[in-house]
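Chain A is fixed; fit chain B onto it per the hints.
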Amino acid sequence: MPAQGRDGQNRFIEFAIIVVVVVMQQAPVSDLSVLERQRLHFDWQQQEQPSRHSYDADLCVRSLNSFTCFSNGLPDLAQYSMPVASNFEEAGVAASNCNPKRRKAESSPKSKQDESNCKRGKQERRSESRQQNNRKEASGDTSSYKNEEHPKADYIHVRARRGQATDSHSLAERVRRERISQRMKYLQELVPGCSKITGKAGMLDEIINYVQSLQRQVEFLSMKLAAVNPLAADNNFSNCSMGISSEPMEQPFLHFNSLQAHPCSGLDMYMDSSSDLVPDGSSFVSCSALNSLYGVEFQLGRGTAAFPFQSFQGNLLPNNLKMEI
Amino acid sequence: MQLTSSFKLVFLKQMLRGFLLSDASSNSMSFHERKNAIKLSADAAIAFARGRTRWSQGLITNLSKNEKNKEILKSLLGREYDNLRKPCGNSLKIPRSKKILRRCLRMCSRRKKAGRAQHICKSILAKALAKKRIQVLKKLVPGGESMDGFSLLDETLDYAMSLKAQVDVMRRLLKTSKASLNIKQMKAWGQGGLDFTAGGHL
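Protein chains in written order, with the numbering used here: chain A, 1 to 325; chain B, 1001 to 1202.
Treat each hint with caution, since some may be false.
[To be verified] Sample of chain B residues facing chain A (criterion: CB under 7 Å; computed from the structure): (1) Phe1031; (2) Lys1035; (3) Cys1104; (4) Leu1174; (5) Lys1178.
[To be verified] Heads up, simulated DSS-like pairs for lysine-lysine below, C-alpha to C-alpha not over 25 Å straight-line: (6) B/Lys1175 - A/Lys224; (7) A/Lys200 - B/Lys1098; (8) B/Lys1127 - B/Lys1098; (9) B/Lys1138 - A/Lys200; (10) B/Lys1122 - B/Lys1098; (11) A/Lys200 - B/Lys1164; (12) A/Lys185 - B/Lys1098; (13) A/Lys200 - B/Lys1127; (14) A/Lys185 - B/Lys1131; (15) A/Lys224 - B/Lys1013; (16) B/Lys1132 - A/Lys185; (17) B/Lys1178 - A/Lys224; (18) B/Lys1127 - A/Lys196; (19) B/Lys1164 - A/Lys185; (20) A/Lys196 - B/Lys1131; (21) A/Lys200 - B/Lys1131; (22) A/Lys185 - B/Lys1138; (23) A/Lys224 - B/Lys1184; (24) A/Lys200 - B/Lys1122; (25) B/Lys1127 - B/Lys1138; (26) A/Lys224 - B/Lys1068; (27) B/Lys1132 - A/Lys200; (28) B/Lys1122 - A/Lys196; (29) B/Lys1068 - B/Lys1139; (30) A/Lys185 - B/Lys1139; (31) B/Lys1139 - A/Lys200; (32) A/Lys224 - B/Lys1164; (33) B/Lys1132 - A/Lys196; (34) B/Lys1164 - B/Lys1138; (35) A/Lys185 - B/Lys1122; (36) A/Lys196 - B/Lys1164; (37) A/Lys200 - B/Lys1099; (38) B/Lys1187 - A/Lys224; (39) B/Lys1127 - A/Lys185.
Keep in mind the hints are simulated off the structure, nothing from the lab. Beta carbons: idealized from backbone N, C-alpha and C, even for Gly.
So here's chain A without its partners, still in its complex pose:
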């Protein structure tokens, strides 16, 4: 086959085009169009420019992969795959210095996703790893081929952008950087007041401050609870019905054990997240006293609007106070 010369190759390519047209009528169009387009494009390139840089290396490997899976999928073309593959081999040899590194990048156990190579070759100039997931759905056809070929492939296949190094190290670095920046974005949304800060170090600073402040708040609140607790111990947790009005939920009740079977007040309180407690007599509190109660009912609901409150079984105390916070 290598001895055929250019004429032979030309003729072969024409034949391949005819074959493509024939086969396209038999197989799903999208598959073939991608793969065939790739192959033909590569052949054309081979004739015109013997070697370019990363583009060629990538395309070569991609085409090899895609072509092998193509040939697996359509066995009637298998006999023709050999001569064309030889072209690829030549091209592979020509750009061989790039290839091993590419292979190394592929084989470095980067991580957790299977990617479909075939479809990706079509979109060379776009950024790689972040759109993997999006393209995964789109490449459902070719992925079946891919999975037969590389059932155990666990790599992220990263495409080098045009004009950038194909070094496995820099590729891995770029993947890592993109992942980190993605997570930084989420954290930026979480931490209040962080949208103006760019740069990793500043963001990390803010995150650290935020987590530290939250932890300190927990400490402080537990201290305050410890201070409040023994005094209100008898009636504090014996019957609490609290409405937590963050979101309306369909889960109406929750039972839990009371702290002490104490003939004392339970509370119906409907708390609003925004309001602050003003402890004076200008508030309704509903306490139903219980002697030996083991049931407490929670009720969720919006704190602001009209609320159905729970009165428990057995009001022993004459006082019924309703509190609405």
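Below, chain B without anything else, positioned relative to chain A:
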């Protein structure tokens, strides 16, 4: 996304159970003991409510180091205790990203010799700063030492949200108990069957 009412409720329920179990409400403890018991219940409850994440496992492991707390944790968490007790034994730091970083730094220093000094210096400096902060973050997030860069950020996100929920619920609990305290006081004053039906919103 995870700060739902049900999550907060589960947390609250567990925390109150923890108060029961650790007898936090009795007067027999000193102030500090009480505070520690409350904090223990709160932490265990938030880890329980969150389920199985790296930070929750690390949290339970840290809490279990104290023998006294172990019993309380066991009875509080029940079945979940074993699940949360850090089954993942990867306490080794994952060296992968470090190797790449080191190689990159080496290459950077090589390039630096070629004359692009300033640009590379900045990046090295930025990396060093970031590295320092990541170390601080690792100490903050429970179980953080054995995580690498990505998962650390993920866990930080998760942990921060859970902390927020924890603070929220505890604050409301505090409000409630303060209010109940005031009611008790009011009852003490108004003993004898007065009806407190004072009107008005807060």
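Taking the hints in turn, this is what the structure says about them:
With 7 Å as the threshold, the beta carbon of phenylalanine 1031 of chain B comes within range of chain A, its nearest partner Cβ sitting at about 6 Å, so the hint holds. For lysine 1035 of chain B, the shortest C-beta to C-beta distance to chain A is roughly 4 Å, which falls under 7 Å, so the interface hint holds. This hint holds: cysteine 1104 of chain B has a C-beta 6 Å from the nearest C-beta of chain A, less than the 7 Å allowed. At a threshold of 7 Å, the smallest CB-CB gap from leucine 1174 of chain B to chain A is about 6 Å, leaving the interface hint in force.
The beta carbon of lysine 1178 of chain B comes within 6 Å of a beta carbon in chain A, closer than 7 Å, and the hint placing it at the interface holds. For the hint linking lysine 1175 of chain B to lysine 224 of chain A, the alpha-carbon distance of about 10 Å falls within 25 Å, and the restraint holds. Taken as a hint, the lysine 200 of chain A and lysine 1098 of chain B pair is honoured in the structure, with Cα atoms around 17 Å apart against an allowance of 25 Å. Of the pairs offered as hints, the one joining lysine 1127 of chain B and lysine 1098 of chain B holds, with about 12 Å between alpha carbons and a cut-off of 25 Å not exceeded.
Using a Cα cut-off of 25 Å, the hinted pair lysine 1138 of chain B and lysine 200 of chain A holds, with the two alpha carbons roughly 16 Å apart. About 19 Å separates the Cα atoms of lysine 1122 of chain B and lysine 1098 of chain B, which keeps this hinted pair within 25 Å; it holds. Proposed proximity of lysine 200 of chain A and lysine 1164 of chain B is supported: the alpha carbons are some 23 Å apart, at most 25 Å. For the given pair, lysine 185 of chain A sits about 23 Å from lysine 1098 of chain B by alpha-carbon distance, which is consistent with the 25 Å threshold.
Distance hint between lysine 200 of chain A and lysine 1127 of chain B is fulfilled; the C-alpha atoms sit about 9 Å from each other, no more than 25 Å. Taking the CA atoms of lysine 185 of chain A and lysine 1131 of chain B, the gap is about 18 Å. The hint holds against a cut of 25 Å. Using a Cα cut-off of 25 Å, the hinted pair lysine 224 of chain A and lysine 1013 of chain B holds, with the two alpha carbons roughly 19 Å apart. Of the supplied pair hints, the one linking lysine 1132 of chain B and lysine 185 of chain A holds, its CA atoms being roughly 20 Å apart against a limit of 25 Å.
Only pairs whose Cα atoms come within 25 Å are accepted, and lysine 1178 of chain B paired with lysine 224 of chain A is accepted, the gap being roughly 10 Å. Among the hinted pairs, lysine 1127 of chain B with lysine 196 of chain A is consistent with the structure: their alpha-carbon atoms are about 21 Å apart, no more than 25 Å. With a C-alpha separation of about 18 Å, the suggested pair lysine 1164 of chain B and lysine 185 of chain A falls inside the 25 Å cut-off, and the hint holds. A hinted pair counts as satisfied when its Cα atoms are at most 25 Å apart, and lysine 196 of chain A with lysine 1131 of chain B qualifies at roughly 22 Å.
Distance check on the hinted pair: lysine 200 of chain A and lysine 1131 of chain B sit about 10 Å apart at the alpha-carbon level, within 25 Å; holds. A hinted pair counts as satisfied when its Cα atoms are at most 25 Å apart, and lysine 185 of chain A with lysine 1138 of chain B qualifies at roughly 19 Å. Simply put, lysine 224 of chain A and lysine 1184 of chain B have alpha-carbon atoms about 18 Å apart, close enough for the 25 Å limit, and the pair holds. With a C-alpha separation of about 13 Å, the suggested pair lysine 200 of chain A and lysine 1122 of chain B falls inside the 25 Å cut-off, and the hint holds.
As the CA atoms of lysine 1127 of chain B and lysine 1138 of chain B are separated by approximately 16 Å, the hinted pair is consistent with the 25 Å bound. Note on lysine 224 of chain A and lysine 1068 of chain B: the hinted pairing holds, with a Cα-Cα distance of about 23 Å set against a maximum of 25 Å. At most 25 Å may separate the alpha-carbon atoms for a hinted pair to count; lysine 1132 of chain B and lysine 200 of chain A meet this at roughly 12 Å. In summary, the hint linking lysine 1122 of chain B to lysine 196 of chain A is supported, as the alpha carbons are separated by about 21 Å, within the 25 Å threshold.
Proposed proximity of lysine 1068 of chain B and lysine 1139 of chain B is supported: the alpha carbons are some 24 Å apart, at most 25 Å. Using a Cα cut-off of 25 Å, the hinted pair lysine 185 of chain A and lysine 1139 of chain B holds, with the two alpha carbons roughly 22 Å apart. In summary, the hint linking lysine 1139 of chain B to lysine 200 of chain A is supported, as the alpha carbons are separated by about 18 Å, within the 25 Å threshold. For the hint linking lysine 224 of chain A to lysine 1164 of chain B, the alpha-carbon distance of about 17 Å falls within 25 Å, and the restraint holds.
Distance hint between lysine 1132 of chain B and lysine 196 of chain A is fulfilled; the C-alpha atoms sit about 22 Å from each other, no more than 25 Å. With a C-alpha separation of about 19 Å, the suggested pairing of lysine 1164 of chain B with lysine 1138 of chain B holds against the 25 Å cut-off. A hinted pair counts as satisfied when its Cα atoms are at most 25 Å apart, and lysine 185 of chain A with lysine 1122 of chain B qualifies at roughly 23 Å. At most 25 Å may separate the alpha-carbon atoms for a hinted pair to count; lysine 196 of chain A and lysine 1164 of chain B meet this at roughly 22 Å.
For the hint linking lysine 200 of chain A to lysine 1099 of chain B, the alpha-carbon distance of about 20 Å falls within 25 Å, and the restraint holds. Between the alpha carbons of lysine 1187 of chain B and lysine 224 of chain A the distance comes to roughly 23 Å, so the proposed pair stays at or under 25 Å and holds. Straight-line distance between C-alpha atoms of lysine 1127 of chain B and lysine 185 of chain A comes to about 18 Å, which keeps the hinted pair within the 25 Å bound.
The structure shown violates none of the earlier numbered hints.
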